[in-house]
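Just so you know, the sequences run in chain order A and B. Heads up: the first sequence begins at 1 in my numbering, then just goes up one per residue. Heads up: the second sequence begins at 1 in my numbering, then just goes up one per residue.
No wet-lab data here; the hints were simulated from the structure. Don't be surprised by glycine CBs; every beta carbon is placed ideally from N, CA and C. Honestly, I wouldn't trust all of these hints.
Claimed, not checked - Stretch by stretch, here's where chain A covers chain B in the computed footprint (C-beta under 8 Å, at least three residues):
1. 5–17
2. 59–68
3. 76–82
4. 91–98
5. 103–111
6. 115–122
Take a look at the letters that make up each chain.
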Amino acid sequence: MSKLPNGVVIRKGVTDDCEEVLRLVKELSEYENMLPDVKLTLDQFREDGFGDNLYFQLLVAEKCGSSDSGTGEEKAKLIGYALYFKKYSTFEGRSIYLENLYVALAFRKQGIGFALFKNLAKVAVSEKCARIEFCCLSWNKMAIDFYEKIGAVDITKQENWHCFKILDEEIRMLASC
Amino acid sequence: MSKLADSIVIRKGTVDDCESTLQLIKELAEYENMSSQVKLTLAQFKEDGFGKDPYYQLLVVANCRPSDSGTGEKMTKLIGYALYFKKYSTFEGRSIYLEDIYVTPAFRKQGIGMSLLKNLAQLAISEKCVRIDFCVLSWNKSAIDFYEKLGAVDITKLEDWHYFRIFNEQIKKLASC
């Protein structure tokens with residue numbers, strides 16, 4: 001596996017990362033042609049990741065700041081993230097669901113996505129999770145090639161699983177029927 | 001919505017329900033032609049639902065009927081369940097993932113599946129969850145018709161999402177590479 005580029009670290013996300021991560025979430029949604037679907041606010045995102053009732057965990061890829069006498073100091077900046085949470089499989093038990101994995105365009109092909117996945121795999125092993133699951137858009141060939149190289153299987157193609165969602169309006173109708 | 005029969009109760013699952021629920025999980029896996037994939041043990045299932053670090057929550061359907069002994073005693077047996085957990089969407093925020101919903105064949109078409117989903121929708125609202133996600137096998141037409149009638153959307157068909165999985169062996173390789 002290629003070493004991370006100089007000045008890039010992968011670490012657990014903290015509350016102060018939320019604003020930048022949300023910016024990266026929107027970049028990813030734009031790439032997926034789904035930016036209007038992002039309704040999350042910064043306050044809610046912070047509360048849900050770092051409040052009393054946790055819904056997700058974060059790994060972030062950070063490019064450390066540098067000081068250069070010619071151009072002045074450069075702040076540290078987040079260039080990628082993985083957002084995940086516990087899941088359960090009635091076949092195999094404890095699992096992890098990877099909701100998002102993203103590396104900013106300028107930092108691709110440097111082993112950062114792979115490093116994020118490796119860190120996630122270590123979390124899975126330490127938590128005794130037998131599966132990591134995620135969704136990917138079927139037209140995103142580059143991402144699919146990457147995932148399949150690390151051993152992921154497309155179980156929509158292989159086993160005919162389809163993903164379904166029920167949104168807020170229909171949930172409310174169902175709850176009150 | 002049809003009323004449930006008097007003998008049928010939907011309630012939160014407890015640790016004492018685990019054995020019967022695991023039996024129903026195996027019934028569902030058999031229907032899906034996936035029995036060989038069920039590796040979960042009863043001890044692990046109990047720990048993961050009711051131990052220090054719960055991975056899932058349960059709703060169960062109990063049917064109470066007179067025992068065969070003729071003594072007037074009543075017997076309770078589980079005839080359905082819904083297994084779910086918190087999820088997070090970077091589009092909408094707090095969500096629920098419905099891993100399994102199942103009603104034994106002898107008790108179908110009595111409004112029990114609908115009641116389970118109604119209970120789940122009420123839980124979603126009380127937890128401020130704005131989305132329920134789940135997977136269905138594409139050949140399971142009767143289940144798909146049922147879900148679509150309630151407003152669920154097949155986002156594999158509509159938005160091209162595919163479901164991917166990394167299994168235990170690959171996770172360990174990735175963690176140690």
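Outcome, coverage of the stretch 115–122 of chain B by chain A - at least 3 residues whose beta-carbon is closer than 8 Å to one in that chain: holds (count 4)
Residues of the stretch 103–111 of chain B with Cβ under 8 Å from chain A, three needed, outcome: violated (count 0)
Verdict on chain A covering the stretch 91–98 of chain B, criterion of 3 CB contacts below 8 Å: holds (count 5)
Verdict on chain A covering the stretch 76–82 of chain B, criterion of 3 CB contacts below 8 Å: Not satisfied, violated; 0 residues make the cut.
Claimed coverage, the stretch 59–68 of chain B by chain A - three or more beta carbons nearer than 8 Å: With 0 residues in contact (Cβ-Cβ under 8 Å with chain A), the coverage given for the stretch 59–68 of chain B is violated.
Coverage criterion applied to the stretch 5–17 of chain B (partner chain A; beta-carbon cut 8 Å; 3 residues): Coverage by chain A is violated here, the residue count being 0 at a Cβ distance below 8 Å.
The structure is inconsistent with the numbered hints 1, 2, 3, 5, although it conforms to all the rest.
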